Amino acid sequence: MSPSFPMSEGPGSGSDSVVTQQTLESALFDFAPAAVTDIDTASRRSTISDHAFATFNRSVENSGVPAIFYEDLDGGERQGVWLTTEDHRFIVTTLELLCNRFGLEDPTLLHTVSRPQADGKTYFTSFIEFPALEGESLTQFLRDLKESLQFTKLVTDGYERMKESVESLAGQVERPHAQGALSGYPPEEVAASLRWIGQDNFVFLGSTRLEVSDGQIAPPSSDNSLGLLQSENAMLAKVRDYVVDDAQKLLHFSYPIWTSRMPIASPVRRDERMMNIAVAERDDSGKVIAVNVIVGFLSRSGSHARASEIPLIREKLKGLAAEIQDGAYAKGLLTGLIDEMPKDAAFRLSRQSIRQLYDTAQGVHDRRSTRVCVVPDAAERGVYAMVVIPNSFDNETVRGNLKSYFESKFKVAEGAAEIGIDSSRPPHTRIYCYVPCESGVEDALKMDVEEEVATLVTPWPDQLDRAIRSSDFFTSVDHASGKFSNAFPPTYEATQSINQALLDIRRIDTLSDSTPVRVTLDCNKDHCEDGASITVFSRHKKLSIAEISPIFENAGFKLGEEQVFEVSPDGNGKVYMYRFSVIPREGVELSEEQFHKIVSPGLEMVFGAKAENDVLNSLMTSAGLTLENIEVVRAYTSYLWQSGAFTSSDSGVTATRESIFRAIANHPEAARVAYDLFETKFNPSLDLNPD
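Here this note's numbering is used: the first residue of the sequence shown is 600, the next is one more, and so on.
No lab work stands behind these hints, which were simulated from the structure alone. Source: prediction; values computed, not measured. Think of the CB as a built atom: it goes at the ideal place given N, C-alpha and C, for glycine as much as any other residue. Do not rely on the hints blindly, as some may be mistaken.
[Said to hold, decoys possible] The list that follows gives simulated cross-link-like pairs (lysine-lysine, DSSO-like), each with its CA atoms no further than 27 Å apart: (1) K848 to K930; (2) K1140 to K1045; (3) K930 to K917; (4) K752 to K762; (5) K837 to K1002; (6) K848 to K1010; (7) K1141 to K1173; (8) K762 to K837; (9) K1196 to K1140; (10) K837 to K1010; (11) K1196 to K1141; (12) K1173 to K1209; (13) K886 to K762; (14) K1157 to K1140; (15) K1045 to K1082.
[What the hints assert, rightly or not] The following label-pair restraints were derived from C-beta to C-beta distances: (16) G674 to K1010: 43 to 49 Å; (17) E1160 to P1060: 22 to 28 Å; (18) L932 to R742: 49 to 55 Å; (19) K837 to L1102: 19 to 25 Å; (20) G885 to K745: 43 to 49 Å; (21) K1209 to L1102: 50 to 56 Å; (22) P1060 to R742: 17 to 23 Å; (23) T1094 to T1279: 29 to 35 Å; (24) E1211 to S1111: 20 to 26 Å; (25) S1180 to P1060: 47 to 53 Å; (26) A833 to G719: 46 to 52 Å; (27) Q1099 to L932: 38 to 44 Å.
Take these sequences, add in the hints, and give me the full structure.
Encoded structure:
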């Protein structure tokens, strides 16, 4: 999305506040960036200014009621929306947010604000151009646009009153009656926190006062509400439900203040889930008579404040520091943890949950280790995960994988989780992931995710190194690790498992000058019905598919998907790997045991040019004959062919040797019987009397 353009001082400069079409056009375009080249033409500028001026006049005539107009542009390829409304807070960022939510790519956004008009109001005029939306999408966009403008008006109208109410609440909390029969935080810290919120550290979106009678909380009333909580919009009905739920929690725990996060994004200014702050109001006897609620989110300055600057968080830090008593380093780690974690989480998480996060961070001693801690949100509307990984492991891919992993683990929609990063304490990075979920939290928290997360974030070479060192396959794990940890190409790492790599390493280690080729089979199950793959390992020599394919076809295999990898074991040249999915000939049952006992040695001899490559080789799989057995069949058949045994007595035509071989290959049972008869008659080692 293009950045928002600087607002002009508005049409009607100087003492003249009358807006003309010319002054409005100038105000819209004078501050447009040079990148906006598709509206340079006079006709396009005229069209834009015509509609902008019309919406301006219509809104002024209706005392600031939003005036919205749209039109197809460029033959329907693009659409333009013009609007004018009374100027409100957050209107530009809210328009950008709306475009973003509808996935509008690179919209043109021009806007300006007028000087005060005769009615004393200033007016906001905007032109938005974007790739055309289809049917219902355009209708929904215009509907949401109208709602967004209404929301910004509600927030603007009540903003100063919401800020002022914070000071009133702070004073009420500090009154002597408010300091008895409470748990949680000291009243003076609560009051100080409210004042901190009111010092531009919080973006106020709504507030309400919920009356309490006999422990029962009355629902929000528009008469007692400001900002978004005045709206009857259906989307905000769930917000009102959360507000009441938080008030009930505050009463249940007898807290003076309760902070939570709602799994609903703000409809104005920023695409961020809203915070809810509930504060008890007491009468002179100390009885709770109402719960005052503030809805919004931390501002940029609030989000970047240090823990020591925020009274509520400072109080948690003080209590935790007293618990730890492990010296300056431990307390420095604790302070750094709270300072650098997302501040809304530091607000919401209980002291116990923060202690769990600290214990996890403090327990990381190995520079290459990974640790995970998952704690519940205090309001039971989500979970908070902290993953501690080496700095070298951290990248955008890892962050995205973690986000997707936790979304899947807690069964929430794709894109629902939020990621935060703290890389302030090398050699480790702390990745925070908030997952909004309201069901199954307790069961999910019992899951042991450490091993899964470690696999997810650890680079493939590091995973392989760990697997080699924990394996019983190798006589010298240091030698094997040094030789193979960085031997595999990225394409191999992206497609092959660590267990497969361990098997491949063992096979590569068997290659030598005398055995330059190995052929192996891997089945999904014992008999390969559910899929199998064959791999050719070639030392130094690069093979072509034209060389490989006929050998396997003659052996009775149909080759499928192909993967080629060039492996570079340290100090041992290159090894070329050719991995194929394979399908044996119909009616052939293949097992890894049979393959490695009979087929693999035979294929390796063919690849080494030590045996014939013809269709008789399929008898290895179909008849269970070894290549030496097949050579006997081949030799005897050739002898019979040369002696004229396959010449027709009628025509005198002799069948070709290849056709005879194919006929034998197509009848493996007969070939097996023929070989057994030959063996019985001519093998002296059997010590049989064929007569």
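* Does K1082 lie within 27 Å of K1045 when you go C-alpha to C-alpha? -> violated, 40 Å
* Holds or violated: 50 to 56 Å for the Cβ distance of K1209 and L1102? -> Since the Cβ atoms of K1209 and L1102 sit about 26 Å apart, the hinted range of 50 to 56 Å is violated.
* Asked: Is K1157 within 27 Å of K1140, Cα to Cα?
  -> holds, 24 Å
* When you take the CB atoms of E1160 and P1060, is the distance between them in 22 to 28 Å? -> holds, 25 Å
* Is the hinted pair K886 and K762 satisfied, with a Cα-Cα distance of at most 27 Å? -> holds, 25 Å
* Is it true that the CA of K1141 sits at most 27 Å from the CA of K1173? -> Roughly 9 Å separates the two Cα atoms, so the pair holds.
* Given the hint that K1196 pairs with K1140, test it: the Cα-Cα distance must not exceed 27 Å. => holds, 25 Å
* To do: May I ask you to test the hint 49 to 55 Å on the CB atoms belonging to L932 and R742?
  => Between L932 and R742, where Cβ atoms are some 50 Å apart, the hint holds.
* Sort out whether K762 lies within 27 Å of K752, counting only the CA atoms. => holds, 16 Å
* To do: Using the Cβ atoms, figure out if G885 sits within 43 to 49 Å of K745.
  => Given range 43 to 49 Å: holds, Cβ gap about 46 Å.
* 27 Å Cα cutoff - pair K1196, K1141 -> With a Cα-Cα distance of about 26 Å, the restraint between K1196 and K1141 holds, given a limit of 27 Å.
* Compare the distance between the alpha carbons of K1140 and K1045 with 27 Å, and conclude whether the hinted pair is satisfied. => violated, 52 Å
Hints 1, 2, 15, 19, 21, 22, 23, 25 and 26, counting from the list given before, are not met by this structure.
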